[in-house]
Structures are given as C-alpha cells and as structure tokens.
Amino acid sequence: EVQLLDSGGGSVQPGGSLRLSCAASGFTFSNYALTWVRQTPGRGLEWVSSISAGGGVSYFADSVKGRFTMSRDNSNNTFYLQMNSLRVEDTAIYFCAKWAGAAAAGTGYYFDYWGPGSLVTVS
Amino acid sequence: DIQLTQSPSSLSASVGDRVTITCRASPSMNRNLNWYQHKPGKAPKLLIYTASTLQSGVPSRFSGSGSATDFTLTINGLQPEDFATYYCQQSYSTPWTFGQGTKVEV
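So the protein sequences, as listed, match chains A and B.
Here the first sequence is numbered in our numbering, starting from 1 and rising by one per residue.
Here the second sequence is numbered in our numbering, starting from 124 and rising by one per residue.
Please note that a few of the clues may not be correct.
[Stated by the list, open to error] Here are the simulated distance ranges between beta carbons:
hint: 1; chain 1: A; residue 1: 41; chain 2: B; residue 2: 229; range: 16 to 26 Å
hint: 2; chain 1: A; residue 1: 121; chain 2: B; residue 2: 132; range: 17 to 27 Å
hint: 3; chain 1: A; residue 1: 19; chain 2: B; residue 2: 182; range: 35 to 45 Å
hint: 4; chain 1: B; residue 1: 141; chain 2: A; residue 2: 69; range: 40 to 50 Å
hint: 5; chain 1: A; residue 1: 13; chain 2: B; residue 2: 137; range: 43 to 53 Å
[Unchecked claim] Pulled from the structure, derived: some chain A residues nowhere near chain B, Cβ distances all over 10 Å:
hint: 6; residue: 12
hint: 7; residue: 29
hint: 8; residue: 122
The set of hints was computed from the structure by calculation and includes no laboratory data.
In this text, all values refer to a predicted model and were calculated from it rather than measured experimentally.
Glycine included, C-beta positions come from ideal geometry on N, C-alpha and C.
Isolated chain A, as found in the complex (with noise of 0.2 Å):
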C-alpha cells in the first residue's frame, strides 16, 4: 500500500524558513517524481514544486521560485521542501504527493497518491 506522510509544517513568522518531510513507502521510490501541492482558502489547489525521479531536476511554481527548493534522499524514500523568506501569503496546507511518472515535467501524468497534509502559517 502507497503510503506518504508529511511533517514539519509549524507557525513562522514572515521572512523566516520552515522545512517540510514527506516520507514515502508502498512503491519504488527512485522510480517516480515527486510534488509538493498546497491549498490554500483563497486559491484553491496550487501546485508548488516538483523534482524528478533522481533528483537531478526540479521545477516551481513562479510564486516561490527562488525561495523555496526540493530535494530527495532515495536512500532513506523521504524528500523534502526547503521553505526560505516566507510571507504571509505561503500560509496554506502543504500536501506532498507521487507524480505517475519519472520525469518532473511529464505530460499526461497525475498526482496518484497524496499525503494527508502539513499546516503551515506564515504570520
């Protein structure tokens, strides 16, 4: 059974930096992209990072680029979110989430499975 669990998520105060976990079991975890997906009230779903099966590429969304970087211990199945000069409106629910396929950017994939959630407030 897939299973993704995230933790790290917390109160902080704007500028400051918060990092997220997701560890991962249930499927071969150097096979597959992973994401990052937040949810907030006023937007919605809005896709945050994704980095590629090993690692070597990642992508994000314009709201963070330059904030906020990914990256995956495929020895230890858990990546992570390395949240930098958070402002208020990064306060959301931070899901991590499988991506179908290898490739960060891989068109006609989806978010297969999807971990439960980290609260993060950013005030």
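Assemble chain B onto chain A, guided by the hints.
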C-alpha cells in the same frame, strides 16, 4: 498557463442523484485532464486520469469524459461518502494547474 474553470462552484444533491461537474480549459488542450476528490483533513484522492480512465479501486459510479476545452465528471447514484470537494487538474503543460473546486453538499 492553462486556466481551468469549474462549474458549478457548489451544488446540493441527495443520495442517489446523478451529479455532473464541468471543467473548462483555456486555451485548448488534449485529454490530459484529471479529477480528484478531497474531504477536509484527508489526503486528496485521484478518481480519474486522462479524462476518462478510472483509477484502480474507484467505484464505477464515477466517470469522466471530454477533450480539448470541455470536460465532465459524472457521479451516477451519489453515495453518502461522495459528499466532498472535487477538483480538475491538467497535465498538458507546466505549470500544472487546478480548477477552483466544486463542493458537493447534502
């Protein structure tokens, strides 16, 4: 960016009803359109991918159709566990985008 507009934003329905949710894409795309169900406090769940393929384990009362600019999610015979918010999402081009959601209420 591909913009997805769902309608309606919310709807009221009863158990046993047939429910139809529409997702309109701009500009036009192919069939790389996916549907998710989300309940508060839970992980979103993939229902349908590439417009009409049912994800494994999803009940057959869910179905999807459409291409280019107009897509539809249909629930035939709404069940109590189906009251949730539904989102469409495109994987035609990055950045991946979502519709604003449709809340299905009792």
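Hints, verified against the model:
no.: 1; hint: A:41 with B:229: 16 to 26 Å; in the structure: holds (22 Å)
no.: 2; hint: A:121 with B:132: 17 to 27 Å; in the structure: holds (26 Å)
no.: 3; hint: A:19 with B:182: 35 to 45 Å; in the structure: holds (38 Å)
no.: 4; hint: B:141 with A:69: 40 to 50 Å; in the structure: holds (46 Å)
no.: 5; hint: A:13 with B:137: 43 to 53 Å; in the structure: holds (47 Å)
no.: 6; hint: 12; in the structure: holds (22 Å)
no.: 7; hint: 29; in the structure: holds (18 Å)
no.: 8; hint: 122; in the structure: holds (21 Å)
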